[in-house]
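**Q** Spelled out, the chains give:
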Amino acid sequence: MNTVVAKPWAAVKRTVAYKEVIKALWKANPISKQILGICSALAVTVQMQTAVAMGLALTTVVAFSSLIVSLLRASIPRNIRIIVQVAVIATLVIIADELLKAFLYDVSKQLSVFVGLIVTNCIVLGRTEAYAMNNPPGRAFLDGLANGLGYTSVLVGVAFLRELFGSGRVLGYPVIPEAFYQAGYVNNGLLVLAPGAFIMIGLFVWLEHTLLERK
Amino acid sequence: MSGNFKSLLFALILCIVCSLLLTGASSGLRPWQERNALTDRHRNVLRAAGLLEEGRSYSAAEVERLYRERIRELQVDPAGRILERTDSPKDAAGLPIYLSVEGEEIIGYIVPIDSRGLWGPIQGYLALDRDGATVKGFAVYQHAETPGLGGEIEKRWFRDNWVGKKIVTREGRFVSVGIAKGRAEETVPKEKQLNYVDGISGATLTGKYLAAGIKDTLSRYEPVSVKFRKNLLTELGLPSPAASN
Numbered sequence: 002m003n004t005v006v007a008k009p010w011a012a013v014k015r016t017v018a019y020k021e022v023i024k025a026l027w028k029a030n031p032i033s034k035q036i037l038g039i040c041s042a043l044a045v046t047v048q049m050q051t052a053v054a055m056g057l058a059l060t061t062v063v064a065f066s067s068l069i070v071s072l073l074r075a076s077i078p079r080n081i082r083i084i085v086q087v088a089v090i091a092t093l094v095i096i097a098d099e100l101l102k103a104f105l106y107d108v109s110k111q112l113s114v115f116v117g118l119i120v121t122n123c124i125v126l127g128r129t130e131a132y133a134m135n136n137p138p139g140r141a142f143l144d145g146l147a148n149g150l151g152y153t154s155v156l157v158g159v160a161f162l163r164e165l166f167g168s169g170r171v172l173g174y175p176v177i178p179e180a181f182y183q184a185g186y187v188n189n190g191l192l193v194l195a196p197g198a199f200i201m202i203g204l205f206v207w208l209e210h211t212l213l214e215r216k
Numbered sequence: 191m192s193g194n195f196k197s198l199l200f201a202l203i204l205c206i207v208c209s210l211l212l213t214g215a216s217s218g219l220r221p222w223q224e225r226n227a228l229t230d231r232h233r234n235v236l237r238a239a240g241l242l243e244e245g246r247s248y249s250a251a252e253v254e255r256l257y258r259e260r261i262r263e264l265q266v267d268p269a270g271r272i273l274e275r276t277d278s279p280k281d282a283a284g285l286p287i288y289l290s291v292e293g294e295e296i297i298g299y300i301v302p303i304d305s306r307g308l309w310g311p312i313q314g315y316l317a318l319d320r321d322g323a324t325v326k327g328f329a330v331y332q333h334a335e336t337p338g339l340g341g342e343i344e345k346r347w348f349r350d351n352w353v354g355k356k357i358v359t360r361e362g363r364f365v366s367v368g369i370a371k372g373r374a375e376e377t378v379p380k381e382k383q384l385n386y387v388d389g390i391s392g393a394t395l396t397g398k399y400l401a402a403g404i405k406d407t408l409s410r411y412e413p414v415s416v417k418f419r420k421n422l423l424t425e426l427g428l429p430s431p432a433a434s435n
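Just so you know, the protein sequences line up as chains A and B, in that order.
Plus 1 on top of the position in the first sequence (first one is 1) and you've got the working numbering.
Plus 190 on top of the position in the second sequence (first one is 1) and you've got the working numbering.
Isolated chain A, as found in the complex (with noise of 0.2 Å):
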């Protein structure tokens, strides 16, 4: 039985789509051991609702402008390529955040100007930099939307214990019981402020670190 699932599995494992998918998932994580996207990642997770929300429209523009500046990569002059890219990501993010004021209002409200401000994340403009412009298509593509999630979970991760013990809430839904508050438990304060998302990030740098170190 294990043998019959294992054989294709062996079989993927051995391609390099799936050697950049883990690399950009796992061991060269966007946030936690790139140490990009920061400054967004301390804006928006004080609650999960907004860290996921902003996690897959970054996915999005990351994956849509590999794709693009991959398809195009042939032509773009090496001299202008950085002004390329960059009106390319503008360009879909702008549009992304067009399309969701017009058919997702409520999740545009929410984001506020984190959509806007995806432009200047460096993943973006990283992978496409370092990715896009010398990979084909589908990988490029591919490449994005797993840096995309890689950050989307360091987001969520950093959201969940931000929102957990700054706010007493998951999702926006009170977990921690009444009870609690009366025997003297208060809310992290400082966990809800920028300083909580510094001191939170570090501890997921520091996590990762240690366990890629172990293996």
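It is possible that some hints are incorrect.
Derived DEER-like restraints, expressed as beta-carbon distance ranges [as the list claims (entries may be wrong)]:
1) B:I203 x A:E130: 36 to 44 Å
2) A:V187 x B:I203: 55 to 63 Å
3) A:S76 x B:R255: 51 to 59 Å
4) B:S249 x A:S76: 44 to 52 Å
Which chain A residues stay away from chain B? Per the calculated CB distances, all over 12 Å, these [as the list claims (entries may be wrong)]:
5) W10
6) A11
7) Y19
8) K20
9) T60
10) R79
11) L150
Bear in mind the hints are in silico, worked out from the structure with no lab data behind them.
For glycine and all other residues, C-beta sits at the position ideal for the given N, C-alpha and C.
With the hints as your guide, set chain B onto chain A.
**A** Quick look at chain B alone, frame taken from chain A:
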């Protein structure tokens, strides 16, 4: 030279394509966006007036139907007199005001709040009872405050916080409603607690600006509120509510 020319040509084509896409997205989606924004404002007028059930989601059509049934839009001049319906709703002299009605009876009024916030304007509505003194509800439809901190102004606990507060002191002097630093019970003297709502920890400045914005708005609408307080609705040119108190 030819390399530079190619770069310029590429940049030019890219710019044209991008601007076409952006123009297309912006103008093509505008009707939907404007309808969403209008429905959202109507939704928040209703929410401030306490006409929406909490925890239930209302479709755009339901919001519009409820809005037509329960809300009347009016313009008043700074002295609190009703202005003739003008063609342009943005008449410089007129202050917009919304009446919440139950059948033919006026049960309260709603004023639009346009306040400064920490990161950008805060826009919302404050609903008052027909006694001209008691807050019936508060709702925000546009702000740029930090989610989880100042952004809590749009959350239910903060909105519920306003219900039943008074914009006047016990003696009847207008003071507006302030936002306390932390819990009003702990930080505000007992006799003033009716004029303060609980603040948001970590968002003192948002509270400060919003309280100032609300005070400013309410003082502009004070002539209207006075008429409600004196039960002079007939002077407003509207049917007086059936025997109050």
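**Q** Identify every previously stated hint that the structure contradicts and give their numbers, smallest first.
**A** 1, 10
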